[in-house]
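Novice: For reference, the chains in residue letters:
There are 2 protein chains.
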Amino acid sequence: MSLQLEQEGLYEQFERIIATEDKLQIRDFLNDQKISDVADLINEYPDFEAQIVANMAIHRASSVFKILDLSAQKRIIRELPSFKTAELLNELPADDRTDFLEELPKEVLRDLIKLIDPDERKVTLSLLGYPEDSVGRLMTPDYVYVYAHNTVEEVFSTIRKFAKSSETVDVIYIIDEATGELVDDIRIRDVILAAPDKRISDLLDGRVIALHATDDQEHASQVFKMNNRVALPVTDNNNILLGIVTIDDMLWVANEEYSEDIQKIGGTEALDEPYLEISFFRLIKKRVGWLIVLFLSEMLTATAMAYFADEIQKAVVLSIFVPLIMSSGGNSGSQASTLIIQAMAMGEIHLQDWWRVMRREIFSGLWLGGILGVIGFLRICIWHFLMHHGVIQDLYGEQWMLIGFTVGLSLVGVVLWGTLSGSMLPMILKKLGADPAVSSAPFVATLVDVTGLIIYFSVAYMFLRGILL
Amino acid sequence: MSLQLEQEGLYEQFERIIATEDKLQIRDFLNDQKISDVADLINEYPDFEAQIVANMAIHRASSVFKILDLSAQKRIIRELPSFKTAELLNELPADDRTDFLEELPKEVLRDLIKLIDPDERKVTLSLLGYPEDSVGRLMTPDYVYVYAHNTVEEVFSTIRKFAKSSETVDVIYIIDEATGELVDDIRIRDVILAAPDKRISDLLDGRVIALHATDDQEHASQVFKMNNRVALPVTDNNNILLGIVTIDDMLWVANEEYSEDIQKIGGTEALDEPYLEISFFRLIKKRVGWLIVLFLSEMLTATAMAYFADEIQKAVVLSIFVPLIMSSGGNSGSQASTLIIQAMAMGEIHLQDWWRVMRREIFSGLWLGGILGVIGFLRICIWHFLMHHGVIQDLYGEQWMLIGFTVGLSLVGVVLWGTLSGSMLPMILKKLGADPAVSSAPFVATLVDVTGLIIYFSVAYMFLRGILL
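First to last, the sequence lines map onto chains A and B.
Residue 154 in our numbering sits at position 149 of the first sequence, with consecutive numbering throughout.
Residue 49 in our numbering sits at position 44 of the second sequence, with consecutive numbering throughout.
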């Protein structure tokens with residue numbers, strides 16, 4: 006509530022000040038606000054977005070710019086005069102600049118690259134050369150390095166000389182003077198704590214953890230999680246330091262991974278754009294592909310049902326439970342598949358654990374199916390009782406108990422099959438080199454639906470042959 | 006590949022050295038390895054886990070301990086002699102200690118709390134007083150604070166005096182000497198860059214961003230993401246600094262959020278434990294609840310089907326398409342619900358956007374349903390053609406075109422209803438204060454199944470009344 010009030014205060018202040026059209030006052034006001042508040046203002050007042058960015062100190066404008074949505078970024082760049090765009094692009098950290106540029110159409114990219122200083126252009130173009138989702142794209146070349154023979158005092162003067170342009174001085178990198186190879190890294194805390202005339206070589210522990218530029222960003226996120234570092238060096242195959250990756254980028258990586266996986270589990274291609282910003286037909290395109298694939302596969306259910314049409318004709322009562330049986334298989338299947346997808350993403354399950362998983366899921370399937378089977382059987386008993394006393398229309402007839410057994414036993418089979426295929430599918434996909442999250446809930450449900458029907462009618466045939474069928 | 010080789014080398018080395026039973030050699034070996042490698046060793050050789058922890062330098066042991074799984078942590082604490090446990094618990098950062106203790110049964114907790122130093126005990130007990138998932142639980146009291154009138158030189162000597170025990174010196178906090186209130190924070194970089202006799206008050210920008218101890222951890226994660234900080238101060242209602250939260254904890258928060266949401270979307274309660282470690286019956290318990298709820302709701306489909314039993318008896322062909330219609334509604338519903346859950350979790354959609362979302366989903370539903378409807382209609386035409394020429398058994402008869410219209414139009418209705426309810430349900434749940442992720446794919450599918458059947462049979466009745474029905 007108090008946050009809301011504060012925010013409303015912010016908006017009112019902004020409206021009052023923007024109305025004055027006094028550039029100096031606007032600039033002062035904007036420079037006094039938190040970065041995230043300015044971003045809020047831009048989202049709230051899209052008409053003024055370019056004006057807001059243009060009227061801020063350039064280093065603050067770049068901090069705001071890099072946390073905006075891609076679509077807002079694009080609009081702002083279009084509206085800004087090109088000298089402002091140049092200033093802004095040059096001020097952006099190299100990794101954020103690359104991130105923004107890679108989303109643009111080729112023609113626009115070419116124009117913008119021209120606006121960047123020659124030195125920065127070289128950096129940007131080299132970052133653009135690494136595969137998407139690789140650590141290389143997150144690197145920043147702004148770090149402080151020293152040599153092992155430097156003293157602590159010399160390190161401080163190096164920092165004072167270079168740190169202005171550097172993203173982080175929390176970690177200092179030590180380079181071999183002859184070969185240029187990365188020797189070690191050291192936290193600024195350890196430098197501060199040491200005597201000024203101490204040599205850096207005496208402070209090193211030789212336990213450097215480095216990433217490769219072609220490593221997957223998700224891998225980097227795991228390394229950060231397990232090693233308690235705020236920045237990690239990135240090297241090439243010859244152990245030459247190419248740049249560093251900072252931990253704050255990992256929060257964005259984690260969010261992107263989260264979004265992609267959830268969208269895939271729901272049976273959509275990853276949108277890569279915010280829901281409300283993606284154009285309508287791109288949204289449809291991302292969604293319709295999987296829906297058609299699933300629809301075509303589900304047509305097999307119609308084929309299966311047609312195959313059992315005679316049985317249904319003889320005992321319409323069987324068709325009544327088709328949706329119930331199908332959905333139970335689908336539900337238990339989605340449950341199992343999401344559990345396994347999540348556990349694999351967290352590194353809790355590896356491919357070699359397949360047998361342990363399968364054993365667990367066989368027993369789980371039997372238990373879960375058993376419980377649902379008993380409930381299903383009881384439901385039919387209760388309905389029979391109600392029918393028998395004329396409360397509702399009698400559909401089951403004399404054979405109510407056999408129908409109960411059919412439904413109960415089918416549920417065990419279908420749920421077992423659901424948990425089994427739901428749990429094994431993500432592992433098989435991973436084994437084949439695909440993303441396990443693709444084995445989405447709808448995908449598993451479809452797989453289980455067809456086989457579920459076959460299980461159900463086979464059990465029915467077993468119990469009711471010569472009686473109803 | 007090379008990583009694998011390295012790892013095998015590590016395991017072999019370890020096996021050779023542990024076999025010597027030479028404590029000094031084991032200790033030297035372990036102290037030379039990376040923290041994450043030692044964690045790997047513990048996971049690979051559970052028999053030696055307590056021995057590994059006991060034989061390391063205590064500050065390294067605590068770094069390893071805090072990244073282990075809860076179950077490994079519990080086993081190690083059980084096996085360690087109690088003086089070692091005391092050492093280890095005292096060495097753990099307060100936030101990680103709290104994190105571990107809160108997972109233990111009350112009796113064990115009481116015993117362990119006794120082992121902690123009185124000062125540390127006070128901190129731990131106060132952290133345990135904050136709600137789970139609150140920022141308070143992540144706080145560490147180990148930070149460096151100074152007063153505004155201190156000079157840069159005085160700050161450095163404060164750091165040298167206190168930084169040993171502090172988690173981070175990357176950010177220094179400025180406290181009001183009289184009231185104890187938080188005034189501002191400053192990055193160590195700005196301190197290093199300043200002249201030694203400069204006063205801190207001259208370096209401050211007054212743009213402090215603080216969290217509240219009762220804030221949600223997810224909220225903290227958003228604040229970190231948007232403000233590019235490595236640590237944030239946590240204050241109480243009187244603006245007194247209680248502790249700080251560091252960005253590395255946010256990676257764990259993001260992972261936990263990811264796991265919980267995906268498990269909920271799949272229709273399981275959040276497991277809170279790794280899949281392979283949770284006991285079998287706890288796993289069943291977490292899964293069976295939702296399955297039963299869904300199963301009972303799905304029984305409504307049997308009721309609906311029974312209601313249409315006469316129609317099915319007259320035209321068995323109608324029952325053939327029941328699974329296809331139902332699953333199409335379910336699939337489009339899960340798609341819509343996961344899209345919206347993800348967009349809300351990322352802050353891309355807010356409750357007040359409901360009308361924009363609804364409008365998008367109405368049009369999406371009509372398009373997607375239209376496309377599937379046309380495919381369904383064509384399928385029936387093709388089958389009719391095949392039947393007509395005796396390739397397969399004729400099920401549709403004279404009325405094949407009306408059946409085609411029925412299926413096609415039902416698909417439009419069912420898919421529209423699926424996307425609509427799938428997209429609105431998460432928003433309604435959020436409005437009611439529940440977690441939107443609960444509107445799992447299975448939950449939406451169940452809701453859509455029953456209504457889907459009613460839509461289908463109503464359309465059929467419209468087209469086929471007096472003809473087949």
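No lab work stands behind these hints: they were computed from the structure.
Mixed in with the good hints, there may be bad ones.
One copy or two, either will do: identical chains are not told apart, so a pair holds if it fits within one copy or between any two.
[Said to hold, decoys possible] Capping the alpha-carbon separation at 27 Å, the derived lysine-lysine pairs in DSS-like fashion look like this:
{"#": "1", "residue 1": "K230", "residue 2": "K119"}
{"#": "2", "residue 1": "K89", "residue 2": "K319"}
{"#": "3", "residue 1": "K203", "residue 2": "K166"}
{"#": "4", "residue 1": "K119", "residue 2": "K291"}
{"#": "5", "residue 1": "K291", "residue 2": "K435"}
Novice: So, for every hint listed, does it hold in this structure?
Specialist: Hints versus structure:
{"no.": "1", "hint": "K230 <-> K119", "in the structure": "neither (38 Å within a copy, 30 Å between copies)"}
{"no.": "2", "hint": "K89 <-> K319", "in the structure": "neither (78 Å within a copy, 74 Å between copies)"}
{"no.": "3", "hint": "K203 <-> K166", "in the structure": "both (20 Å within a copy, 18 Å between copies)"}
{"no.": "4", "hint": "K119 <-> K291", "in the structure": "neither (34 Å within a copy, 57 Å between copies)"}
{"no.": "5", "hint": "K291 <-> K435", "in the structure": "both (22 Å within a copy, 26 Å between copies)"}
In this structure, the earlier hints numbered 1, 2 and 4 are contradicted, and the remaining ones agree with it.
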